[in-house]
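Which chain is which? The protein sequence lines are A and B, in order. The C-terminal position of the first sequence is numbered 313 in my numbering, with every residue numbered one higher than the one before it. The C-terminal position of the second sequence is numbered 1085 in my numbering, with every residue numbered one higher than the one before it.
If you're looking for bench data, these hints aren't it; they were derived computationally from the structure. Even for Gly, the Cβ is constructed at its ideal location relative to N, Cα and C. Each hint should be verified, as a subset may be incorrect.
As the list claims (entries may be wrong) - What the simulated footprint calls covered on chain A by chain B, stretch by stretch (three residues with Cβ under 8 Å from a Cβ of chain B suffice, anywhere in the stretch; the number is not a length):
| # | region |
| --- | --- |
| 1 | 39-47 |
| 2 | 157-171 |
| 3 | 243-251 |
Unchecked claim - No farther apart than 25 Å at their CA atoms in a straight line, the calculated lysine to any residue pairs in the SDA-like style are these:
| # | chain 1 | residue 1 | chain 2 | residue 2 |
| --- | --- | --- | --- | --- |
| 4 | A | Lys203 | A | Lys230 |
| 5 | B | Lys1069 | A | Asn20 |
| 6 | A | Lys230 | A | Ala105 |
| 7 | B | Lys1037 | A | Gly209 |
| 8 | B | Lys1048 | A | Lys203 |
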Amino acid sequence: MVDRASTFADDETLDLLRKNYIALAPSLTEVLKARDSAGDFFRKVVNQRPEPRHTKQGYYICSPDGTLLKGWMYPRPDDGTMKRYLKEASKAYQAPKEVEPLDQAKADRWAHPLPPEGGLVLEVSAKVLEAKWQPTNLARFQMIRGAVGRDRMWITKGEVQELVKGSLPDSLLERMIRFHLVDNTRGVHVAWQPGDLKSLHVKVGTENGKISFEGDLNLQEAGNRRYDAKVKGFIETKGSAVTRLDVLVRGIHGAATTKLGELPVGDSTLAVAFTLAEPGEHSRVPPLYSMLQGEYLKTAGLRVSEFRRVVSK
Amino acid sequence: MARMLLIWIVAWSGTLAWGQDKKTVTEPGAITAEEFKSLHSELCKRDKWETVAWRTDLHEARAASVKEKKPIFIWAMDGQTLGCT
C-alpha cells in the first residue's frame, strides 16, 4: 500500500516504467513456490539479491536471461532510490544476444490460478471514508489513510446462469460478504467466518432483465471486528451475458484490537464497491482468497441461505 | 502532588486530542441513488499506479523484454501485488 501511495504515485517514476521497462507484478508467495519454469526463473532472479534476507518482497530489475541488474526493498517509503535505479539500469542495459526458451507446457495452477470457466471477474475496491485514527508517528500511515484497497472476486458459470434468469444466488452473496466486505486498505485482511454473519436482509426486484437489490447486514467477529452495513446493487443482462454488475456496500466497521493492519481501532465508515473487471490483465489477478478454492467457491451449506430461507417462508 | 498529577493528565490528554483525527463517524442511513453513483465511481476510479501496463505472466514479460529490448522491472509483494496486498 505504501508503494502505491508514494513510489508509484510519482509521475516521473511511472513514465520511466512505461517507456523503458517491461513491468511485471506477480504474487510473491505463489510464484516463489511455483513448481514450473516460471517459478524456477523467478527464484533464480530473486535469489541473486543479497539483502534483505528476511523477505523476497521488493523490486528487481533483470534481463530476460535471468541476470539480476538491481534488487532492493528499502528504503520504504522511497527516498528517490527507485528513480535513480530505474535511470541507471535502463541507461546501462544491454539486451542479451541469446535467451534460452523456457518450457511453458506445464504451468503450476496452484501458483497461477485461473478464474472459473464461463464465469466472471469483478473488481473490488474498499475505502475508509470516516474514522477516528489512532495517534501514530509512523509516516506510512499518513500516506495510506486515503488508500483504496483492491481485490478481485470470481463468479462461477452457474451463478452467471442464475443472474441471467433474474435471481441472485446465495453463493455469490456469501462469497461477497465473507471474503470481500473487509477493510483491506492497509494490508492483507482476515476473511469472515460463516458464523460471523449475524443478520442479513436483501430485497430483490427484477424488471426487463434488470435486477436491483437492496438490504442490510451485520457481521460480528467475537472480540474484534464488526461491520453494520447497507447494500445496494444493480445487475443487467443481455442474452446469456451479464453486462452490468455494480454493487455498493457502506456502513460502520469497527475493530477492537490494535494490529498494524487494523488501524484505526474503533469505528470507521467503510465502503466497498464491486464492478465488472475490464478484460485483459485486470481480469487475470486472482482474488486473495482464491487460494482456498473449495471454501471460496462454496455453493452448499451456506450461512446466507439460512437468512434468506427465513425471509422467504 | 495531586495537583501536579492533574496538570500532567490535562496536558497529556490535550496532546492526545491534538494528535487524533478530528473526524467523527456518523451512523449512515440507506444508500441513496445519488450516493450510489458518486461513491461507486469514486471507489472504482483507477489510481495512478494502475496506469502502468503491469503484466502478471512471467513468460509474456520475458517475451516482451526480448522483443522490445527492454529490461524487466519486477514489483513483488505478499498477497496479490496488483490486488489485495
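Consistency of the hints with the structure:
1. Coverage of a stretch by a chain is defined here by at least three residues with a beta carbon nearer than 8 Å to that chain's beta carbons; for the region 39-47 of chain A and chain B the count is 4, and the condition holds.
2. Under the rule that three or more residues need a Cβ within less than 8 Å of chain B, the assignment of the region 157-171 of chain A is violated, with 0 such residues.
3. Residues of the region 243-251 of chain A lying with their CB closer than 8 Å to a CB of chain B number 4, which satisfies the three-residue condition for coverage.
4. Restraint check: the Cα-Cα separation between A/Lys203 and A/Lys230 comes to about 12 Å, which is no more than 25 Å; the hinted pair holds.
5. Between B/Lys1069 and A/Asn20, the direct Cα distance comes to roughly 9 Å. Compliance with the 25 Å bound is thereby established for this hinted pair.
6. Taking the CA atoms of A/Lys230 and A/Ala105, the gap is near 47 Å; set against the 25 Å cutoff, the hint is violated.
7. Annotation: proposed proximity of B/Lys1037 to A/Gly209 holds, straight-line Cα distance about 21 Å (limit 25 Å).
8. For the hint linking B/Lys1048 to A/Lys203, the alpha-carbon distance of about 37 Å lies beyond 25 Å, and the restraint is violated.
Figure legend: structure checked against the earlier numbered hints; hints not met, in rising order: 2, 6, 8.
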